Each structure stands twice: as structure tokens, then as C-alpha cells.
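Visitor: Here's the letter readout for the chains.
2 protein chains.
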Amino acid sequence: MPAATFDRSDFREAMARMGAAVNIITTKGPDGDTGMTASAVCSVTDDPATVLVCINRASRLHEIFKNSGIMCVNVLTHVHEELSPIFAGKGNLPMAERFAHGDWIRLATGAPVLESAAASLDCKVSQSVDVGTHTVFFCAVQAIHLGQSSSGLVYQGRAYHPIQRKLD
Amino acid sequence: MPAATFDRSDFREAMARMGAAVNIITTKGPDGDTGMTASAVCSVTDDPATVLVCINRASRLHEIFKNSGIMCVNVLTHVHEELSPIFAGKGNLPMAERFAHGDWIRLATGAPVLESAAASLDCKVSQSVDVGTHTVFFCAVQAIHLGQSSSGLVYQGRAYHPIQRKLD
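Which chain is which? The protein sequence lines are U and G, in order. Mapping the first sequence onto our numbering, position 85 (from 1) lands on 85, and the numbers just tick up by one. Mapping the second sequence onto our numbering, position 113 (from 1) lands on 113, and the numbers just tick up by one.
Take these hints with a grain of salt, some might be off.
Claimed, not checked - Residues on chain U that point at chain G, a partial pick, calculated with CB under 8 Å: (1) Thr5; (2) Arg8; (3) Phe11; (4) Met18; (5) Cys42; (6) Asp46; (7) Asn67; (8) Gly91; (9) Val129; (10) His134; (11) Phe138; (12) Ile144.
The set of hints was computed from the structure by calculation and includes no laboratory data. Keep in mind that this is a model prediction, so the values were computed, not measured. Where a beta carbon is used, it is the ideal one built from N, C-alpha and C, also for glycine.
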């Protein structure tokens, strides 16, 4: 097999073309609630119900998620297109101000749950694997909240795309 | 923390609400080319460029991907909505007949590469982790092909959704 030959910009373009659901992942630590927007989230297995979340170890929030061991994955709907950038760091708001936006409740772990999300998966981290610059957190589901809307929000081609249910 | 309490049907509904890009993953083994549709695919890190793919160990194709150690992730566009079900097993076609559909080339590993895909990531499996019923394959990118179209195809709410670039 020849040596790998491609530009990193090609990889980033390829990943931009791979659409992904937009989620806000949250946790509760000794300094309060923390949340960030994440699209590197994936279903793993339904037995035991598990999802995974990839977080860059260079992020200042990485240690907070790692130390807490709990994580809620909130799957956004088309109504959250303005909430997503707030938790992606737009305006660099303090956490308390970020959480002033959105309708937050609690379920099993105590991590913030977005009540209007399409779905929220309240999880305990069951294992983690470091791969390159990132940690992959495997998250065992403890409780689930299904929101009233089952529509979606996808990020693809460096743009948001609302996904309306065909029967809505 | 209370014991986990939710129905498995709630987990499946939550995962259905989490939209995902549709991909065809391929490999080349001693018995020829193999491919299957997969949406449990996720970007991990760009250093070294790595994606992950989750495959159910109960799938008869799991062993073929595991034994070959190579995997090409082909990110579908809106023009592939009819190709996706073929590789998801619709009609239960033999592999050779599945590959009669689509425009296939080869890059570094020898696995089939869909030339019209939005992006194809031709990979060597660098490590794997078993989680519940599934294996998570971490795939180190060896070569990249970017197709002419950067549009996408998302599966959400148990339906396909074409994602057209806003500037197309």
C-alpha cells in the first residue's frame, strides 16, 4: 500500500461534506453546569443503550466532561438554530448566560436536559478511548426524554439545514 | 443516581431522531468486494486523519470487514437515494450485483471507491473496540477522493432527506 498522501484540507472538506446532527452536550461539575455544541456524536449499540461523543483534548471543556463522568446528549431540532452557536462559543458567553437560553430540566444524572430537544440521552460515561487529538467517550444511557418535535437540525457543507419531518 | 429506566423503543426513537449522513462502507477481501450502507459513522480527529464506523457483530459482513483491515467510507449525495437501499440489503442482491450499480474506482487500499460520492475516505483500520453488540472500527485515512457534488444525503426520522448546498 502506498504511503498516505492527501492534504489535511481535503480531510476537512470531506468531513464538512459528511452531514451530522447538531447536539448540545452538557454536564454538571463542581463549578456548575457546562455545555457545548457537538456534532461528532454517534449511536453505538442498543444493548446496553450507548452513544459516543468525540471531544478535542485541547478544548478547555474536555477536562470538565472527563472529570464529571456524566454527559447528556441533547439532539437539536430546527427551532434551535440560534441556540447552537451560543453553545459553540459565539460571543464567548459565560456558561450561566448560555444556559439562560433554552428550556432546561434534569433527569437521572443531574446534567442539564433541554426539554425542547428532539431527544435527550442522559448518560454515565462507561469508557473512553484516546485517538489522536480527541477522546472518544462511550456514554451509557440512564434516562431518555423525547421532546414534542421529532424534527432535526443538520450541519453539512458548513451550514445549518433544518430537517422537517415529512409528515409534520 | 437512580437505576436506568427507559424502554428500548425510546432509545430507538431517540436514535431515529438523531439525523446522520448516509454512507456506503466497502472493503476488499479474499472473496471479492463487499459493501454495506452505514450511518453510524463519525469524524474523530484530523491528526492523524481518522473516522470511526460502528458495525453490529451479528451482521454477516462484520467478519469480512474485521478480517480485511481496510475500509472505504463513501459519503453519499442526494443523487444516491436509490443506491443506499441496495447496499442496505433491499432485494438481498449478491455483492457483484450491488456493485453493478454505482461508479466504482480504486485508490490506495484496493477497496471500492464511489467516484460520484461527495467524499470517499480510503482507510486502514488502526484499532477496534467492542461495545455491547457492536464493534467500533477506528479507520486511519490513507487516501481521499472528493466528488464533484458536495451535496448530502441524511437519514432522519426513518426517512431520507436530500441536503442541497445552499449555493448549488
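Visitor: All hints, please: hold or fail.
Guide: Hint by hint, here is what the structure shows:
1. Thr5: 7 Å, holds
2. Arg8: OK, holds: arginine 8/U within 8 Å of chain G, min 6 Å.
3. Phe11: 4 Å, holds
4. Met18: Since the shortest Cβ distance to chain G is 5 Å, the answer is holds.
5. Cys42: Hint holds; cysteine 42/U Cβ to chain G Cβ min 4 Å, cut 8 Å.
6. Asp46: With a closest approach of 5 Å, the aspartate 46/U hint holds.
7. Asn67: 16 Å, violated
8. Gly91: 24 Å, violated
9. Val129: 6 Å, holds
10. His134: 4 Å, holds
11. Phe138: 6 Å, holds
12. Ile144: Holds, about 4 Å.
Hints 7, 8 from the earlier list are contradicted by this structure; the remaining hints agree with it.
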